[in-house]
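In order, the protein sequence lines correspond to chains A and B.
Whatever position you read off the first sequence (first residue = 1), add 596 for the working numbering.
Whatever position you read off the second sequence (first residue = 1), add 596 for the working numbering.
Be aware that one or more of the hints could be misleading.
In this list, chains with the same sequence are indistinguishable; a pair is considered to hold if it fits within one copy or across any two.
In silico lysine to any residue, SDA-like type, Cα no more than 25 Å apart, as pairs [as the list claims (entries may be wrong)]:
1. K645 <-> P751
2. K645 <-> A774
3. K645 <-> L771
4. K875 <-> R890
5. K894 <-> G857
6. K887 <-> A874
7. K887 <-> G728
8. K688 <-> P751
9. K848 <-> L729
10. K894 <-> E877
11. K645 <-> L756
12. K887 <-> L729
13. K848 <-> T944
14. K645 <-> Q752
15. K848 <-> P730
16. K688 <-> A753
17. K848 <-> Y661
18. K688 <-> L756
19. K688 <-> Q752
Hints listed in this document are in silico derivations from the structure and should not be mistaken for laboratory results.
Note that the structure is predicted; figures quoted are calculated from it, not measured.
There are 2 protein chains.
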Amino acid sequence: MTSPAEAATHEPPFEILVSRAFGAEAFFELGDLLPELAEDLSGIEDRLKSVLQSGYPPLTEAVLYACTRGGKRLRPLLMAAAHRSLGATTTKPVHALAASFQLIHTASLIHDDVIDHADQRRGRPSVLRAFGLPTAIVAGDYLYVRAFELASEYPQAIILRCGEACASLAEGEILQEACRFDLTISRDQYLGIVTRKTATIVSAALASVGDIAGSTASIVEALAAYGRAVGIAFQLRDDLLDAYGEPDLLGKPLYADFREGNPTLLSIEAYQHLDGRAKTEYERLFARHEKRPRELHKLRTLTDQTPASAIVSAEGDRWASAAIRALDPLPHGPYRSLLERLARAATTRRY
Amino acid sequence: MTSPAEAATHEPPFEILVSRAFGAEAFFELGDLLPELAEDLSGIEDRLKSVLQSGYPPLTEAVLYACTRGGKRLRPLLMAAAHRSLGATTTKPVHALAASFQLIHTASLIHDDVIDHADQRRGRPSVLRAFGLPTAIVAGDYLYVRAFELASEYPQAIILRCGEACASLAEGEILQEACRFDLTISRDQYLGIVTRKTATIVSAALASVGDIAGSTASIVEALAAYGRAVGIAFQLRDDLLDAYGEPDLLGKPLYADFREGNPTLLSIEAYQHLDGRAKTEYERLFARHEKRPRELHKLRTLTDQTPASAIVSAEGDRWASAAIRALDPLPHGPYRSLLERLARAATTRRY
Chain A
597 MTSPAEAATH EPPFEILVSR AFGAEAFFEL GDLLPELAED LSGIEDRLKS
647 VLQSGYPPLT EAVLYACTRG GKRLRPLLMA AAHRSLGATT TKPVHALAAS
697 FQLIHTASLI HDDVIDHADQ RRGRPSVLRA FGLPTAIVAG DYLYVRAFEL
747 ASEYPQAIIL RCGEACASLA EGEILQEACR FDLTISRDQY LGIVTRKTAT
797 IVSAALASVG DIAGSTASIV EALAAYGRAV GIAFQLRDDL LDAYGEPDLL
847 GKPLYADFRE GNPTLLSIEA YQHLDGRAKT EYERLFARHE KRPRELHKLR
897 TLTDQTPASA IVSAEGDRWA SAAIRALDPL PHGPYRSLLE RLARAATTRR
947 Y
Chain B
597 MTSPAEAATH EPPFEILVSR AFGAEAFFEL GDLLPELAED LSGIEDRLKS
647 VLQSGYPPLT EAVLYACTRG GKRLRPLLMA AAHRSLGATT TKPVHALAAS
697 FQLIHTASLI HDDVIDHADQ RRGRPSVLRA FGLPTAIVAG DYLYVRAFEL
747 ASEYPQAIIL RCGEACASLA EGEILQEACR FDLTISRDQY LGIVTRKTAT
797 IVSAALASVG DIAGSTASIV EALAAYGRAV GIAFQLRDDL LDAYGEPDLL
847 GKPLYADFRE GNPTLLSIEA YQHLDGRAKT EYERLFARHE KRPRELHKLR
897 TLTDQTPASA IVSAEGDRWA SAAIRALDPL PHGPYRSLLE RLARAATTRR
947 Y
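So that you can see chain A by itself, here it is in the shape it has in the complex:
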């Protein structure tokens, strides 16, 4: 177990995470909720770290490396806020499950980075780069296993929902692989990948919070719908930031999707709006397995000649609005407002 003091040396304080995600003004608005939420996240963090001690120090080192520092901790934050929005005065009953979902998320990122040959993640070398391929594969497996151990204290229906979300994540990954270098996939196909890779897991996490709180079926469904929509809004923003963000804030170089040939709504729309020689060039560049920096930059400038980024932005806003509307059955209160704000932040965040 890492003491909160030790954890604090690894992690940026919660307040900084919040003001980065919401802007300084929200930081003051959220003032009253911050101490409670900070406590929630620290409780979740403690549960998470309690399962990371392996019997072999180099493995522990790799998984601690993957799980600490950086990361927005969006899933734990959403789960804590959702639980409190349902009237919970302590979020302890969801801590193990939130830690479980956070581990699943981290495991999937580690394996994603192996698949995408990604060198950087959150401002430092990826687990792949820092520890090598064997450790990256095993560390991901290990985190999945620990995640299920954490989930094992919940009823079978919750474990199964968690499993189904992981299975959907795996499907999304394979689906994405099958679409690599293909700019002709439809917007629905793209949303299908995003739903499987990102949205289903957020949706399952929030629906489970509803279950644990003993909510009605309509509240559970509302939270599931909210999670799904926030997940999609979040991923659309990720796609935009990959081409238009600030590498220093993102903690990784731009243009990973161009480089790997992963089509996103941005490149699909850009490709559809280009014509003539520009379209041919976009396609040719996107299909290259090895791309030079100026080729990546060219893809970006060609994208700029189209309304693609505005389209992606608008689509993200639509999903954020859908997320907010989904919250209708929930009781009004400061935590429901926070969930609404988080949905908006998903599409305005800079990292």
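Using the hints provided, position chain B relative to the given structure of chain A.
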């Protein structure tokens, strides 16, 4: 769900598996048990296949490829035999768990083959070679997830034991990675790797059968000890077969351990018994990251100049005997005899 008839087209009949593993003479001796065991294995197989249908056909194809044809189905067989040895008249209560352990085993093999760059497995291309690295990583993840879904119908203690065994497997993999190209590791270090990579999971599987059957603590401990010892005996035989087996029977080329620089008791003992120029050459060849066929062959002929293979054989026999002794608290009967025979078969099998 695959019907038994469909399954039969994919799998060699159980009788062939048995006569291959035990020899034709045992086949007749076991005559009375065969129909029951064949039914047990087919029930386990059905549970296993029932969770492999993913929402995306190419993923389903990859996991079916990994889970069908070939494989000795040793874990399911041990679990069914152990359950019946405790007086169970149906093994249905352990089917889901046996399927779960079989999926964990398969998942670990898929990821192992990625780590070891193995092209072949069970007489055909490995998942890595047949489907590529992204699918191999995701298929392994997917099988771990499905394994935990299957385990979720059992009490938390059993899910956790299953999780701990998977965690130990991950540790063993990392430990093995850390020892690559190192012939100076001790026999105990080697047994530590084998225990983590192979024995703990067999031990956990069998102890869980005892739990599910409502056995006393001493029976559960006996089954755990038996599983551990059989697992080690089994792995020692694997190591021998990798240098002395018949590639056609094994379904993969020889010398994978030499090639990857994974020290086993065979190479550790050979290295310790060699001296002078032969020892230097053994070390030099073993340490090469790329080895030519004649270098692999040279490692084998140098090994032949030492008593290494006899030492590994004797060590395997000792573990098989320990496994048999561990069964003492179990009631006598045909299924206890079968477990004894399986322990012996672990060290005499040709594939």
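- Message: Flag every earlier hint the structure violates by its number, smallest first.
- Response: none
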